[in-house]
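Asks: Kindly generate the complete structure, drawing on both the sequences and the hints.
Spelled out from the first residue to the last, the chains are:
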Amino acid sequence: MTTGAEGSALLRWIATIGLMVIVAIPVLFIVIQAIFPNIGSGSFAAPFSLFLKTLADPELIGLGRNTLFLGVGTLFCAALLAVPLAALRALYRIPGALIWDAILLIPFMIPPYIAALGWIMTLQPRGYLEQLTGINLAPLLFSVPGIMIIMGLNTFSVVYFVLSRTFETIGARYSDVGRVFGAGQWRSFWRITFPLAMPGLAASLLLVFAMSIEEYGTPAALGRRIGFEVLVTGIENRISEWPIDLPGAATLSLVLVLLALAAFMVQRWLLTRRDYRIVGGKPQANDKRDLGVWRWPVTLWFAFVAFLATGLPILAILATALSRTISGGLALSNLGLDNFQQLLGVGSDGLVALGNSLALGAVTALFAGLLGAITAYSVVKGRGRLRIVLDGLSITPNALPGVVVAVGIILAWNQPWLPITPYNTPFILLLAYICILLPQPVRYATASLHQLGDNLEAAARVSGSGPLRAFWRIILPLILPSMITAMILVFAVASRELVASLLVAPVGFQTIAVFIWQQFDQGSMGLGMAMAFSAVVITTLIPLALISLLKRLSHGNVAGLN
Amino acid sequence: MRNLILALTAGLMATTAAHADITVYSAGPGSLAKNLIKGFTAKTGIKANLFQATTGKVMARLEAESANPVADVVVSASWGTATDFEAKGLLLPYASPNAETVPDFLKTKGAVAQGVAGIIIGWNSKSGTPKPADWSDLAKPEYKDLVTLPDPAASGGTYTLVEAFTANGMTDVLEGLKANGAIVAGANKAALNPVLQGAKAAVFAGVDYITMGAAAKGESVEAIFPTSGTVVAPRPMMILKSSKQQEEAKKFIDYVLSAEGQNEVAKVYLMPSRTDIKVDRPLIGDLKLLSKDGAPSREDVLAGFKGIFN
Chain E
1 MTTGAEGSAL
11 LRWIATIGLM
21 VIVAIPVLFI
31 VIQAIFPNIG
41 SGSFAAPFSL
51 FLKTLADPEL
61 IGLGRNTLFL
71 GVGTLFCAAL
81 LAVPLAALRA
91 LYRIPGALIW
101 DAILLIPFMI
111 PPYIAALGWI
121 MTLQPRGYLE
131 QLTGINLAPL
141 LFSVPGIMII
151 MGLNTFSVVY
161 FVLSRTFETI
171 GARYSDVGRV
181 FGAGQWRSFW
191 RITFPLAMPG
201 LAASLLLVFA
211 MSIEEYGTPA
221 ALGRRIGFEV
231 LVTGIENRIS
241 EWPIDLPGAA
251 TLSLVLVLLA
261 LAAFMVQRWL
271 LTRRDYRIVG
281 GKPQANDKRD
291 LGVWRWPVTL
301 WFAFVAFLAT
311 GLPILAILAT
321 ALSRTISGGL
331 ALSNLGLDNF
341 QQLLGVGSDG
351 LVALGNSLAL
361 GAVTALFAGL
371 LGAITAYSVV
381 KGRGRLRIVL
391 DGLSITPNAL
401 PGVVVAVGII
411 LAWNQPWLPI
421 TPYNTPFILL
431 LAYICILLPQ
441 PVRYATASLH
451 QLGDNLEAAA
461 RVSGSGPLRA
471 FWRIILPLIL
481 PSMITAMILV
491 FAVASRELVA
501 SLLVAPVGFQ
511 TIAVFIWQQF
521 DQGSMGLGMA
531 MAFSAVVITT
541 LIPLALISLL
551 KRLSHGNVAG
561 LN
Chain C
1001 MRNLILALTA
1011 GLMATTAAHA
1021 DITVYSAGPG
1031 SLAKNLIKGF
1041 TAKTGIKANL
1051 FQATTGKVMA
1061 RLEAESANPV
1071 ADVVVSASWG
1081 TATDFEAKGL
1091 LLPYASPNAE
1101 TVPDFLKTKG
1111 AVAQGVAGII
1121 IGWNSKSGTP
1131 KPADWSDLAK
1141 PEYKDLVTLP
1151 DPAASGGTYT
1161 LVEAFTANGM
1171 TDVLEGLKAN
1181 GAIVAGANKA
1191 ALNPVLQGAK
1201 AAVFAGVDYI
1211 TMGAAAKGES
1221 VEAIFPTSGT
1231 VVAPRPMMIL
1241 KSSKQQEEAK
1251 KFIDYVLSAE
1261 GQNEVAKVYL
1271 MPSRTDIKVD
1281 RPLIGDLKLL
1291 SKDGAPSRED
1301 VLAGFKGIFN
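Protein chains in written order, with the working numbering: chain E, 1 to 562; chain C, 1001 to 1310.
Read the hints as simulated data drawn from the structure, not as lab findings. Cβ atoms here follow ideal geometry from the backbone N, Cα and C, with glycine treated the same way. Wrong hints could be hidden among the right ones.
[As the list claims (entries may be wrong)] Result set (DSS-like, lysine-lysine): computed pairs, CA atoms no more than 27 Å apart in a straight line: (1) C:1306 with E:53; (2) C:1088 with E:53; (3) C:1140 with C:1292.
[Stated by the list, open to error] Derived Cβ-Cβ restraints for the label pairs, each shown as a range: (4) E:44 with C:1101: 45 to 55 Å; (5) C:1267 with E:362: 33 to 43 Å; (6) E:385 with C:1303: 24 to 34 Å; (7) C:1244 with E:28: 28 to 38 Å.
Replies: This is the structure we're talking about:
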């Protein structure tokens, strides 16, 4: 069956070479490091000597079990929060819908380790909540369900955004058909709309699962207190505690990658069982229903979730940033703008770091977005065995802790025989960020491509355009709304990436996260939080401005931006 | 067009990687590392580039780079890293003329202390608890559930203290702490933060200069040197044998050990390594130090600690 949708060979080559350089090479060096413990100094001695020792460590079973448990629990919390909101947002007229979208975008802009610190500052004994209301929720915070809830709150927006766009594309048309044939509102949602949204749901839940088994900050800040160790904290301990155990860290990372690939296979299996193509022509007019009496309860629910996910961490960050001292508490005499003045002072390191991170974030978003779209296109519309390899490669970095990607990148790009290398230049951060963040645009593009019928492209080909032109003129514009969302996420996450930056940042180069970390390290919690707050505000405002600009330029023609 | 991009890229790489004369990898505190670099360049005209991170990250980067080392000088917060590097033959032997008044236990052939941190009790004076005087006070009922301690696996200072306790048969103090509800909380910062906010009253095995720095910023926290004795954590500086700028690297060590460099060290409340630099804080000579003689291996010390706290 040739539908004219086998894709362009050029695009397939771009995807293959891009993924090789950005993902496969560092991953290969991690595998080599796991097998040959002395590879760092160029020796292939004693292969597998530490590999088996690490795998035979009785702790490993516990770490693996905790990791799985945390991933599934977080996924469950995120789905519980996101699915109802996304369905309501897509199918009904929600008062202030755009405002809720904007607010729910913010959890991405808050670095998870900062959010975790915000929760600690708020909920620990004599924290902000107890200072204000006398309520002490510390036992919930420092517990395994507490970690899952907080990580669910940090990640559910992924599911919310993907799923609300998916539901919106499906629209009410199909369930209307169901209603005509006599199904009730609930029945037609559960039997028709919800199953059709499976690609989006599966893709976004896979992202949440991968993000949560790879996340370091929250389990480290909260889990260590209660002895809840996961694979990532085990890896981080091996890399940051003396004596350094790079081979052990590399081996544990491979276990983590296997976990993520298993989840990825489950997702593939779910998606290939059925046909989800629903976009067969130009976008349909979308008429959303009225909520009627449910208007206020639904709005209140949106407000409550938005407050938990966004309001509370932001307020905690702001409170700490405005405090002259931590021990002074929330007293009026202890509050002031001192930290912000110091941060934004003329010629301060903080401003340089902000500029560096924003520039890197923007360039990363552009490259990762484009490479992501091309990769997803080659995978979904291409043919042959290679595309499964490409798809697997594109999800791999999501399961690799940033610190391990960083080690792989140093091993790969600091070889003495390389004639020219990006190592020790800002380009190395670009390579690291694109590698770590590529899974986001790939997943988003894959989800929307799965809903795109082949006939549009075939029509273009029949009308005489080449595959490349069909991609540029037909496919890319149709998946653009999802891509813009993904690129905004990439921008936000790249501009505040911490763990990889700490390790591979070129000498003398500061980023936002490195600045924050150094302030914490010197005990200047307030100054660090002032930077975190400024970064969140800036990374939120820039995408919002961009979206409204795009909306004006496209006169509302781009679906999904409204 | 492609050639232009290639030329631009190569040019940009050349400028961003422009060789400063030496590269220094330093563990925190960042302000100290920055001021030392600034002062060194001002005095000698030699440029220096800085990579600053925790000891662990500095060591991980060195390890990953070992095929093609970038650093000339390394400053760590853990003395063990220096002895280990020395044993592996990675260090350039150097005796700085400015190291004459540095006590013998703070220098080896390849390393010399930049400064010294003391291990203390960090106590929140607004916590409503009596002021502790010794380690064992924190096992008393007044401090029930109110004590944190850094994980010795993550904090070199805490490790050294636990090591000395093990050597001197004082592990009953740790058992008392555990029985009193003390919690192990990550690295030094993670242990101090709850004490500042008042969730906990005291950090057992805090780092003196961090606590004093916080107090100087107005936090209600005090650094207390326990009566039964404590340990210190010297911060070794080393020149890597692989350095291609060894003369310049030696000048950097000289600068840090000069009166000017040692005063920068004292500014962040660390003890200067030179005994002839006088500053307004307890110095090494004023402290009662616990001996570590007869301590078991690192693995055994950590296993013993885990046995108590798990």
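Asks: Now look at each hint and say whether the structure bears it out.
Replies: Hint check:
no., hint, result
1, C:1306 with E:53, "holds (21 Å)"
2, C:1088 with E:53, "holds (23 Å)"
3, C:1140 with C:1292, "holds (26 Å)"
4, E:44 with C:1101: 45 to 55 Å, "holds (47 Å)"
5, C:1267 with E:362: 33 to 43 Å, "holds (38 Å)"
6, E:385 with C:1303: 24 to 34 Å, "violated (49 Å)"
7, C:1244 with E:28: 28 to 38 Å, "holds (29 Å)"
Checked against the numbered hints above, the structure violates only hint 6.
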